[in-house]
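Participant: Chain residues, written in single-letter form:
4 protein chains.
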Amino acid sequence: MNKITVIGLDGKLPPEVDRMAERIGEDIANSGCVLICGGKKGVMEAACRGAKKAGGITVGILPSFDGSEANDYVDVVIPSGMGYARNTLVVSSGDAIVSLNGSTGTLSEIAMALNYGKPVFCIEGSGGVTDKVRNALADDKRVSQIKMVKAEDAIRECLKFI
Amino acid sequence: MNKITVIGLDGKLPPEVDRMAERIGEDIANSGCVLICGGKKGVMEAACRGAKKAGGITVGILPSFDGSEANDYVDVVIPSGMGYARNTLVVSSGDAIVSLNGSTGTLSEIAMALNYGKPVFCIEGSGGVTDKVRNALADDKRVSQIKMVKAEDAIRECLKFI
Amino acid sequence: MNKITVIGLDGKLPPEVDRMAERIGEDIANSGCVLICGGKKGVMEAACRGAKKAGGITVGILPSFDGSEANDYVDVVIPSGMGYARNTLVVSSGDAIVSLNGSTGTLSEIAMALNYGKPVFCIEGSGGVTDKVRNALADDKRVSQIKMVKAEDAIRECLKFI
Amino acid sequence: MNKITVIGLDGKLPPEVDRMAERIGEDIANSGCVLICGGKKGVMEAACRGAKKAGGITVGILPSFDGSEANDYVDVVIPSGMGYARNTLVVSSGDAIVSLNGSTGTLSEIAMALNYGKPVFCIEGSGGVTDKVRNALADDKRVSQIKMVKAEDAIRECLKFI
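Protein chains in written order, with this note's numbering: chain A, 873 to 1034; chain B, 873 to 1034; chain C, 873 to 1034; chain D, 873 to 1034.
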C-alpha cells in the first residue's frame, strides 16, 4: 500500500488549518493510501480524523513508549520510545510528505525528508515553517523537492510522485 | 487496535515451522489484531501470509531504508534505516510477542521484550533460541514473562494478556 | 567534561570555511571541551583536525555501521548504524552547537537542536543553510536560540551558555 | 583509538563482581583503549571507576536525554534519548564486548553483539545472564563468538581480537 506522511504543528490549530489537515486526511484515505504521522495532536490529529471519516488506515509513530499519547484516530500505534529520533521514521515511512504549519520539530522533518530525496508538499497559507522553509534553502539544489500547493490540490499532486 | 508482534528466524524454515507461523498469522487476523513484524522473510513472511489469508492488516518494520526488502504480505512498510535498532521498535509496538525458532536477532528481541515488561509466547517445538531462551534466565525474575505454548493455542493465550 | 557539537557540510569546503571550521576545532580543544560531530568529511573533518592540533578529544557519531568512514581525526568512533537518525544523537550530545555552511542534513540538525532547547551558534559568512536558517523561523519563538557569530568569537560565546 | 564495551547489571553488585568490573576498567585504560558503556550504575560505574583510576577515557551512552543520569566516572556523556534502542549503540561502538552479571537488558546487548559478529567475553562466575547465555544458543553457530574468561584475563584476551 502507498503511504503519505502528514507533518505539522503538535498543538492548538487555527480553525482553517484544522480544516486543511482534516481535508488532507480524507483525501489520503479516499486515494487508498495509508496515512503516516507522528501520532500526536494538532495537525496529526486533524489529519487522522479526516482519514477515519473516509474509512482509511492511520499509523502514528510516537516519540514516547506510552501508547496512550496517541490521538483517538490512530489505528496502529508505534510507541517508539526513541524521542525525536522518531522524526526520521515518520518521514522515512512516507512515499511523499505533506506539511502544514509547524515549528522546529516540523522543520527537522522537512529537512530530513529532503535529505532522503522525498517530495515535500507544503500547504500554502498554513503558516509556520511550512510557509517559510524555502527561505532557508534559497540556493540549495534540494529546494526543488519542495512544492507549494493548496490544501485541496495536495493529495492529487502527491499521487503524481508515488 | 490491538497489536501482536511475531518474531523469529529470517531464513528458510522447516516446513512445520512455516505452518506454525502461518497459523499464528491467521489467528492474529481472525482475532481482529494487527500483526507487527520485522518485515523480512522466514517466520515473518509466513506469519504475514497467514494474516493476509484471513484478511488482516500487517506492518513490517525493516532494518534498512529500502522498502523493497519487505516480504510480499506486508501492507504497511516502515523502512526504518536504523539497522538492528529497529528490533526495539518491533517489540515495543506489540502488546504481546510470539516467537518461533530464531538465532541471535530473535534472542535480542525476546530479551528486549522482557526488558519492556511484555509477555513473550514461545512456540514449543519451533526450535532455535525460542525453545532454549529460558535456560539463559534460570533464576531471573523476568523469566516468568515467558510462556511456552503450542502454536494452536498461542493467540488465544495472548489475548488474555491484551 | 563539557561538549560542543560542530555540524555542517559533508563535502568539499571553500578554503575560508575550512579555515573557520579548523579554528573552531582548535578553540574547542583549547577551552577543555570535547568536540562532538558526525564523524565524516568537510566541516567535521576540518574541525576535528583543528581539535587534534590543539591536543583535544574528538568523537564522531557515524550514520553507518562502518567505522572506516570516520575522518582521520576522530578519536572515538561511534558507528551508529542508524542512518540519519544519528543526527539526533549528534545534537543531543552537545551542550551547544556550532554550525557552518551545510544543506538539508545540517538544517535537520539545527532544527533538532532548537527543538531540544539548545543554543545554536551559526557562523556568519560560512554560507549554506547556516546563513539562512533564520529566514525559515521568522516569527517562531525558538529563533532566539540562534546566535549569528564570527568564527573567531564562536567558542567564547558558546562557553557563556555551558 | 580502540574501544572495549563493558555491559552488565545496572544495580547493586555483589562485592566480588564490583571488583571484577573495576579491574576490567583499569585493564582497559592500561591497554590504551577507550571504555564504552551504557553510562549508568552497577557494572558500568565500577568499570568506569577503574578506568579513571588508571587515567583512561570513558564514554557513557545513556538511554535518556538527561545527562545527569550518568555515573560520576563518565568523561563523555552521550544522552541518546532513545531508550533501549541505545543498547545497540553501546555494542556497535565496541571492538569487543565484556559482560558481567546482568539480566534481560544485558542479554539483549549480548545477543545484539553476537548478531553484529563481535566477540563477547563473558566473565566466569560473575553471575546472571553472563554465566548462562550459552545455554540459550546451544546449537547456534554464533555461540562460538562467546568466550568464557576469568576477570583477570579478559582484556588480554580481548586485545587478541582487536
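Hints listed in this document are in silico derivations from the structure and should not be mistaken for laboratory results.
Only a predicted model underlies this, so the values are computations on that prediction, with no experimental measurement involved.
Glycine included, each C-beta is placed from N, C-alpha and C at the ideal position.
Any given hint could be a false lead.
With a Cα cut of at most 20 Å, we get these calculated PhoX-like pairs of lysine-lysine [to be verified]:
(1) K1022(D) <-> K1013(B)
(2) K925(D) <-> K913(D)
(3) K1013(C) <-> K884(A)
(4) K884(B) <-> K1022(D)
(5) K1022(D) <-> K1032(D)
(6) K990(C) <-> K1004(C)
(7) K1022(B) <-> K990(B)
(8) K1013(B) <-> K884(D)
(9) K1013(A) <-> K884(C)
(10) K1004(A) <-> K1013(C)
(11) K884(D) <-> K1004(B)
(12) K884(B) <-> K913(B)
(13) K1004(C) <-> K1013(A)
(14) K1032(C) <-> K1004(C)
(15) K1004(A) <-> K1032(C)
(16) K1032(B) <-> K990(B)
(17) K1032(C) <-> K1022(C)
(18) K1019(C) <-> K1004(C)
(19) K1004(B) <-> K990(B)
(20) K925(A) <-> K990(A)
(21) K1004(D) <-> K1019(D)
(22) K1004(D) <-> K1004(B)
(23) K990(C) <-> K1013(C)
(24) K1022(C) <-> K1004(C)
Okay, the calculated beta carbon distance ranges per label pair [stated by the list, open to error]:
(25) D944(D) <-> R891(B): 53 to 59 Å
(26) M1020(B) <-> K925(D): 43 to 49 Å
(27) K913(D) <-> M873(C): 15 to 21 Å
(28) K925(B) <-> A1010(A): 50 to 56 Å
(29) G927(D) <-> N1007(C): 15 to 21 Å
Participant: Are the hints correct? Go through all of them and say.
Facilitator: Consistency of the hints with the structure:
1. K1022(D) <-> K1013(B): 26 Å, violated
2. K925(D) <-> K913(D): Distance ~17 Å between K925(D) and K913(D) Cα, so the pair holds.
3. K1013(C) <-> K884(A): Roughly 16 Å separates the two Cα atoms, so the pair holds.
4. K884(B) <-> K1022(D): Violated, at about 38 Å.
5. K1022(D) <-> K1032(D): 15 Å, holds
6. K990(C) <-> K1004(C): 18 Å, holds
7. K1022(B) <-> K990(B): 19 Å, holds
8. K1013(B) <-> K884(D): Holds, because 16 Å separates the two Cα atoms, which is no more than 20 Å.
9. K1013(A) <-> K884(C): At roughly 16 Å apart (the allowed maximum being 20 Å), K884(C) and K1013(A) satisfy the hint.
10. K1004(A) <-> K1013(C): Roughly 15 Å between the alpha carbons, so the hint for K1004(A) and K1013(C) holds.
11. K884(D) <-> K1004(B): Not OK: K884(D) and K1004(B) at ~28 Å, beyond 20 Å, violated.
12. K884(B) <-> K913(B): 8 Å, holds
13. K1004(C) <-> K1013(A): Holds, at roughly 15 Å.
14. K1032(C) <-> K1004(C): 24 Å, violated
15. K1004(A) <-> K1032(C): At roughly 31 Å apart (the allowed maximum being 20 Å), K1032(C) and K1004(A) break the hint.
16. K1032(B) <-> K990(B): 13 Å, holds
17. K1032(C) <-> K1022(C): Holds, because 15 Å separates the two Cα atoms, which is no more than 20 Å.
18. K1019(C) <-> K1004(C): 12 Å, holds
19. K1004(B) <-> K990(B): 18 Å, holds
20. K925(A) <-> K990(A): Status violated; Cα separation ~27 Å.
21. K1004(D) <-> K1019(D): OK: K1004(D) and K1019(D) at ~12 Å, within 20 Å.
22. K1004(D) <-> K1004(B): 11 Å, holds
23. K990(C) <-> K1013(C): 13 Å, holds
24. K1022(C) <-> K1004(C): Holds, at roughly 15 Å.
25. D944(D) <-> R891(B): 53 to 59 Å: 55 Å, holds
26. M1020(B) <-> K925(D): 43 to 49 Å: Holds: the Cβ-Cβ distance is about 46 Å, inside 43 to 49 Å.
27. K913(D) <-> M873(C): 15 to 21 Å: Once the Cβ atoms are compared, 20 Å apart, the range 15 to 21 Å for M873(C) and K913(D) holds.
28. K925(B) <-> A1010(A): 50 to 56 Å: Once the Cβ atoms are compared, 53 Å apart, the range 50 to 56 Å for A1010(A) and K925(B) holds.
29. G927(D) <-> N1007(C): 15 to 21 Å: Given about 48 Å between the Cβ atoms, the range is violated.
Checked against the numbered hints above, the structure violates hints 1, 4, 11, 14, 15, 20 and 29; every other hint is satisfied.
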